[in-house]
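Make the full structure from the sequences, and use the hints.
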Amino acid sequence: MDIIEGVIGFIALLMVFRIFLTRSRARKLLYLCCLSFCISALIALYVKSPMGGIVAIIYFISSTLTSNAIAYTIEQVKDIE
Amino acid sequence: MEYIEYLLYLGYVLLIIGTIGAIVGPKSNDRFIRLLNTEVATFGVCFIFLAYDEALALMTLIAVNAILCLILVRAIILNAEYEEETDTKIK
Amino acid sequence: MEILLIVSGVCCILGGLGVILHTNPINKIIMLGLLNVGLIGMIVSSYYLDIAIISSICEPISTIILLLGYMKYLTTLKKKKKYGRDLPILSK
Chain A
1 MDIIEGVIGF IALLMVFRIF LTRSRARKLL YLCCLSFCIS ALIALYVKSP MGGIVAIIYF
61 ISSTLTSNAI AYTIEQVKDI E
Chain B
1 MEYIEYLLYL GYVLLIIGTI GAIVGPKSND RFIRLLNTEV ATFGVCFIFL AYDEALALMT
61 LIAVNAILCL ILVRAIILNA EYEEETDTKI K
Chain C
1 MEILLIVSGV CCILGGLGVI LHTNPINKII MLGLLNVGLI GMIVSSYYLD IAIISSICEP
61 ISTIILLLGY MKYLTTLKKK KKYGRDLPIL SK
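Protein chains in written order, with my numbering: chain A, 1 to 81; chain B, 1 to 91; chain C, 1 to 92.
Hints in this document: simulated from the structure, not taken from any laboratory. The reader is advised that the hints may include incorrect statements.
[Unchecked claim] Here are the computed lysine-lysine pairs in the DSS-like style, where the Cα-Cα straight-line distance is at most 27 Å:
no.	chain 1	residue 1	chain 2	residue 2
1	B	LYS89	C	LYS78
2	A	LYS78	C	LYS78
3	B	LYS27	A	LYS78
4	C	LYS72	B	LYS27
5	A	LYS78	C	LYS72
6	B	LYS89	C	LYS72
7	B	LYS27	C	LYS79
8	A	LYS78	C	LYS79
9	C	LYS79	B	LYS89
10	B	LYS27	C	LYS78
Given the structure is predicted, the values throughout are model-derived calculations rather than measurements.
Below you can see the structure in the form of C-alpha cells.
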C-alpha cells in the first residue's frame with residue numbers, strides 16, 4: 001500500500017512543477033487534468049472508509065467538468081484574440 | 001512542525017501574498033485581474049478557518065464565495081459597457 | 001509526514017504565487033484551479049469529508065462563472081478598441 005502512494009505522490013509533485021514552469025497554455029491545462037486524477041486517487045487511498053470513495057467520485061466528476069470548461073474557453077478565445 | 005502550525009502558517013502566507021498582490025500586483029490596473037488576485041486572500045481565510053476547526057464557517061464561506069463571484073463579474077461587465085457608452089457619447 | 005499533506009502544501013504555495021505572477025487571465029484561472037486542488041487536499045487530510053463534498057461541488061460553478069464573464073469582458077473590450085475611432089467619424 002505504501003509503495004502505491006509513493007508512486008502517485010511522485011507523479012503529482014512532477015505535475016505541479018511542470019504546471020508552474022511550462023509556458024504553453026494548452027499543456028498547462030493537460031497537466032492540471034492529470035494532477036486532479038492523481039489527487040482523486042490519493043483521497044481514495046488516504047481515507048479508510050466508504051465515505052472516502054464517495055468524496056473521490058464527486059471530486060473526479062467535478063474536476064473533469066472544470067477541465068472541459070477551460071478547454072472550451074481556450075478554443076473560443078483563440079478566435080477573438 | 002506540527003500539522004496545525006503548518007496549516008496556520010500556510011494560511012497567513014496566502015493571506016499576505018493575496019493582499020499585497022491585489023494592491024501592487026503586475027498589470028493590476030485591469031479590474032478583472034484585480035478580482036482574480038483577491039481570490040487568493042479568500043483561500044487564505046479558508047485555511048485559517050480550517051486551522052481553528054470552524055467547520056460551519058468554512059462551509060458557508062465556500063458556498064457564498066461562488067455567489068459573490070457572480071455578482072462582482074456582472075458588475076465589472078456592466079461597468080465596461082457603461083464606460084464604452086460614455087466614451088462614444090462624449091466624442 | 002503523509003504524502004497527501006506534502007502534495008497539498010506544494011500545490012497551495014505554487015498556486016498562490018502563480019496567480020499573482022501570471023498576467024493572462026486564463027493562466028490565472030488555471031492556477032486558481034491548482035490552488036483549489038490544494039484546499040480540497042487539506043480538507044480531506046483533516047477528515048472533514050462533508051465540507052470536501054460541498055467544496056468540490058462549488059468549485060466548477062465558480063470557474064464556469066469566471067470563464068463566461070471573461071469571454072464577455074474580452075468581447076466588450078475588443079469591440080471598443082475596434083470601433084472606437086470609426087463611429088464618431090460616421091456620426092458626423
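Here's how the hints hold up against the structure:
1. B:LYS89 with C:LYS78: Holds, because 18 Å separates the two Cα atoms, which is no more than 27 Å.
2. A:LYS78 with C:LYS78: 13 Å, holds
3. B:LYS27 with A:LYS78: Given that 27 Å is the threshold and the Cα spacing comes to 21 Å, the pair holds.
4. C:LYS72 with B:LYS27: 20 Å, holds
5. A:LYS78 with C:LYS72: Cα-Cα ~14 Å, so holds.
6. B:LYS89 with C:LYS72: 22 Å, holds
7. B:LYS27 with C:LYS79: The hint holds at about 21 Å.
8. A:LYS78 with C:LYS79: Holds. LYS78 of chain A to LYS79 of chain C sits at ~16 Å (cutoff 27 Å).
9. C:LYS79 with B:LYS89: Distance ~16 Å between LYS79 of chain C and LYS89 of chain B Cα, so the pair holds.
10. B:LYS27 with C:LYS78: Answer holds: LYS27 of chain B to LYS78 of chain C is near 18 Å, not above 27 Å.
Violation of the numbered hints given earlier is absent; every hint is satisfied by the structure.
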